[in-house]
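Undergrad: Using the hints, build the complex out of the two chains.
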Amino acid sequence: MKDQVVPRVVAKLLIPYMLLYALYVQWHGDYGPGGGFQAGVIFAAAVILYALIFDLGNAQRAIRPWVVNLLVPLGLLLYIGVGIVTILKGGVFLEYGVLEHDPVHGQHLGILLVELGVGTTVAGVMLTIFYGFGEVVRG
Amino acid sequence: MSSVIGFVLLALLVFTAIRIARLRGLFSATIVAGIYSLLGACWMSFLDQPDVAFTEASVGAGISTVLILVTLSLTTSEEKQPEHAPLLPLVVVIVTGAILVYGTIDLPRLGDPEAPANLHVAPRYIEDSQHEIEVPNLVTAVLASYRGYDTLGETAVILTAGVGVMILLGGARRRRPGTPKTTRGAGP
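The listed protein sequences correspond, in order, to chains A and B. Its first residue numbered 83, the first sequence is counted upward by one per residue in our numbering. Its first residue numbered 105, the second sequence is counted upward by one per residue in our numbering.
Away from chain A, derived, C-beta distances all over 12 Å, residues of chain B: (1) Val-112; (2) Ile-135; (3) Glu-187.
List of simulated lysine to any residue pairs, SDA-like, C-alpha gap at most 25 Å: (4) Lys-94(A) - Leu-173(B); (5) Lys-171(A) - Val-186(A); (6) Lys-171(A) - Glu-236(B); (7) Lys-184(B) - Ala-121(B); (8) Lys-171(A) - Asp-254(B).
What the hints contain is simulated information worked out from the structure, not anything from laboratory work. Backbone N, C-alpha and C define an ideal beta-carbon position, used for all residues, glycine too.
Same shape as in the complex, but just chain B (with noise of 0.2 Å):
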């Protein structure tokens, strides 16, 4: 049963993916972008992953289709024609496929115990970490105690990139009331 469920959503995933790929309108393209994303969040809670299933839903979902949204609100909602033949990319993306294929079959199965993922330090995490942290999520007790400062460093890139959101906005914003002589907030 568990299997034909994963069936259904990988092929789900893979039949989004391509209408994305062969939708012209960009809004339309958008919305079925956000129910990809929702897809693989049912595929990650399929997988027993709610963490990652969640931030998933949250921001592939919800945040980036609306900002994507507002961005469709200031540039066009229409893709341009491509000037070159759909060849050439399309060969790309197959050889980049094929290669990746190929990687994953050095991969270990999903899962697997025996993997080198599962022998370095997540032994010690899952049977000392109740009761070092007493924890009940384990996944909080790596994140923000055992990584901390992998956490702390993420935490600094997502205000990095708000700021340099805000940094183009604001350029953005000051170019537009202003005559188009003034070239103020173009330098550095």
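Bound conformation, chain A alone (with noise of 0.2 Å):
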């Protein structure tokens, strides 16, 4: 799509705002609609439009493939500490009101953290199975 004026343009303009939107879905779970798996499905889909209209080689330069596949284990690993470390601290497993002082903070770290794991594996997973079918389209 590479000699593709409108849709080049078009993407340049979109990509950085499409990123910013995943950060956002993902930092605002808590007050508006969203949480991790939307943010990592939007912030791959902004890298793979990327792919699309710029070539894989690029987005693949621009996010290495080994970055990608250590995100899929990395999320599903942090979501899992967040549990050991509640029991570490006495709690049950995943029972976020042991992380700090007063209980309604260790929910809301709690939350954050499991949110940023889940859109972790998904940005990750999404992009690992985008990268994989490029890379048997490109042969």
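TA: Here it is, written out as structure tokens:
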């Protein structure tokens, strides 16, 4: 799609805002609709749009495949890690209330970290699948 | 007014579904399926479920459309003529649909406060989450805190799906450049 002017210009304008919007959905999930899953998908969609219009190789230079592969287990480990920390702090698995002195603040921190874990894994899986397909297509 | 919007949305959904079933070109069918997902997202936000609408729009209309298009570039973009007559599938679909519609007769009305699903743990979440967790978005509170185990399981499912796709694609990638004689990569 490299010779198409309109998609190139529109994508260049849109992609930064898509990434920013993904971060907004990620960190604002407590207050508005959305959360980790949606944020991860939007983030992956921005990178996929870049890869579709500016070639897969350029996208893989921007976000390396090994980084993407690393994101997949990292998110789940963050989620499980929050649960283990709550056990070590004297609560039960994923009882966020013990994370801080005020149980409500602990809940906020726990939800934030867990949602970040979900977003990381989802973005990683979506990009891994897309990179994988793209490499097979390219041969 | 709102019932008109709902009726139009549902009519468009049915119309798009029939179009998808009748299209032979898989490329155009994929695009129409994306439109179907977008209409589904509109329907969900019409039902005041912005979180579900969000997911449907980004996953259904966005990611899966792209992934199916990439898959089409690996296979063909034209559906093969079915070998058997469409009569048997038609009967199966009509019977299954009739059973499903029969099943909905027992369902409670949409948004019924007396429905069993709204009497179990939902009142506790609605009443207590605002001082237990103090998160304005109740959906986030339920997903990440009250139902934290379920969300952990869902994240593990997504990871497993990703790993599964990578194993399948890895096999395809290794077989392609290699000579047809080697069976490496096809084994366990």
